[in-house]
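Undergrad: Sequence:
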Amino acid sequence: MMHHSQPRAAAKALTPLQAARQSATETFVFLLLDGFDALALAGATEPLRRANALAGRPLYGWRLTSLAGTPVVAAGGMAVLADEAYGGLARGEVLFVVGAASGQTQATLSKLLRREAAHGAHVGALGDGIVTLARAGLLDGETVAAHWDLAEALAEEFPRLDVSRAAFGAGRRPPAPGGAAATDLMLHLIAERHGADLATRIADAMVWANVRGPQSRQTVSAQSRYGVRNARLVQVLAAMEENIETPLSAQEIAGIAGMSPRQTERLFARYLNTTPMGFYTRLRLDRARGLLMQTELSVTEVAVACGYRSMSHFAKVYRAAFGHPPRRMRAVA
Numbered sequence: 001m002m003h004h005s006q007p008r009a010a011a012k013a014l015t016p017l018q019a020a021r022q023s024a025t026e027t028f029v030f031l032l033l034d035g036f037d038a039l040a041l042a043g044a045t046e047p048l049r050r051a052n053a054l055a056g057r058p059l060y061g062w063r064l065t066s067l068a069g070t071p072v073v074a075a076g077g078m079a080v081l082a083d084e085a086y087g088g089l090a091r092g093e094v095l096f097v098v099g100a101a102s103g104q105t106q107a108t109l110s111k112l113l114r115r116e117a118a119h120g121a122h123v124g125a126l127g128d129g130i131v132t133l134a135r136a137g138l139l140d141g142e143t144v145a146a147h148w149d150l151a152e153a154l155a156e157e158f159p160r161l162d163v164s165r166a167a168f169g170a171g172r173r174p175p176a177p178g179g180a181a182a183t184d185l186m187l188h189l190i191a192e193r194h195g196a197d198l199a200t201r202i203a204d205a206m207v208w209a210n211v212r213g214p215q216s217r218q219t220v221s222a223q224s225r226y227g228v229r230n231a232r233l234v235q236v237l238a239a240m241e242e243n244i245e246t247p248l249s250a251q252e253i254a255g256i257a258g259m260s261p262r263q264t265e266r267l268f269a270r271y272l273n274t275t276p277m278g279f280y281t282r283l284r285l286d287r288a289r290g291l292l293m294q295t296e297l298s299v300t301e302v303a304v305a306c307g308y309r310s311m312s313h314f315a316k317v318y319r320a321a322f323g324h325p326p327r328r329m330r331a332v333a
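Quick note: the sequence shown, position 56, residue 56 per the numbering used here, numbers continuous.
It is worth saying that the hints were derived from the structure and are not from the lab. The beta carbon of each residue, even a glycine, is placed where N, CA and C say it ideally should be. Fair warning: there could be bad hints in the mix.
Unchecked claim - Computed spacing ranges between beta-carbons, pair by pair:
id : residue 1 : residue 2 : range
1  : Glu242    : Met311    : 22 to 28 Å
2  : Ala320    : Leu81     : 44 to 50 Å
3  : Pro261    : Arg282    : 17 to 23 Å
Build the full structure now, drawing on both the sequences and the hints.
TA: Quick look at the structure:
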């Protein structure tokens with residue numbers, strides 16, 4: 001949780017320029033793209049609304065825009081009315097791209113975003129908006145926080161990015177990977193500008209018990225994700241998640257568990273009703289399916305990224321797991 005004492009002490013030392021900046025209304029412009037994360041948008045705007053209510057004055061303003069000014073459909077099918085067509089930023093406004101673009105829409109956005117960035121604008125992203133920024137070339141050489149389910153795909157497609165799985169990022173290109181992380185990002189920005197006390201009061205009003213910082217983890221632990229408490233098994237599962245492209249051998253897995261291969265098999269059978277290598281295979285195939293759905297990588301590139309050196313073997317195990325060949329995913333895309 002945020003501490004109150006330090007921000008209050010810092011507030012006494014504000015210069016007249018800083019004080020004027022705090023009293024001015026800051027405006028966020030959200031550029032919505034079809035398929036955007038509705039929870040991320042709500043998570044970003046609600047803290048702003050609460051900030052204004054608690055302060056009793058308009059600390060923040062925001063506008064919902066789309067490229068054409070027409071309604072935008074979120075990933076869950078909910079249509080959101082745009083306030084206006086995106087027409088650029090006024091001085092000091094911050095732009096957040098919400099959602100991923102493709103084709104001609106991406107080409108249009110790339111020009112638009114590069115122009116805004118050239119004028120010194122702060123341009124951030126919520127959810128898959130990070131992909132839109134990356135394809136526009138705005139993130140080259142940057143460390144960016146991306147959703148854990150998208151992180152490897154993003155790193156594969158954009159090798160010049162330093163992809164992080166932090167809860168969110170800060171700076172001139174602030175990303176929130178989606179969902180609840182958008183609220184964490186906004187609380188962080190509010191604390192920076194108006195003090196941690198206000199941010200904490202907003203979190204309390206939202207019943208937001210766990211306020212995270214930029215370096216917090218996005219995901220729950222392997223223990224929570226797989227519903228197991230055995231410390232050795234949790235350690236093995238975490239190691240498997242971290243070694244997809246170069247898979248561990250059965251002997252290496254046993255070594256991490258501090259057991260013999262036979263004991264490790266009994267451990268997996270007891271807690272997960274499968275074998276170590278069976279679990280590992282499914283983990284790698286799930287990752288492959290995600291890459292095929294979310295990136296433009298070739299099937300061969302996806303196979304290699306998930307630890308398969310034989311395309312025929314990859315196609316065989318993929319078909320067995322999902323009922324169709326991996327190339328069908330690429331054809332649909």
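Undergrad: All hints are to be evaluated individually against the structure, with a verdict given for each.
TA: We went through each hint and held it up to the structure:
1. Glu242 - Met311: 22 to 28 Å: holds (25 Å)
2. Ala320 - Leu81: 44 to 50 Å: At 46 Å between Cβs, range holds.
3. Pro261 - Arg282: 17 to 23 Å: Holds - the Cβ-Cβ distance for proline 261 and arginine 282, about 19 Å, lies within 17 to 23 Å.
Every hint, counting from the list given before, is met by this structure.
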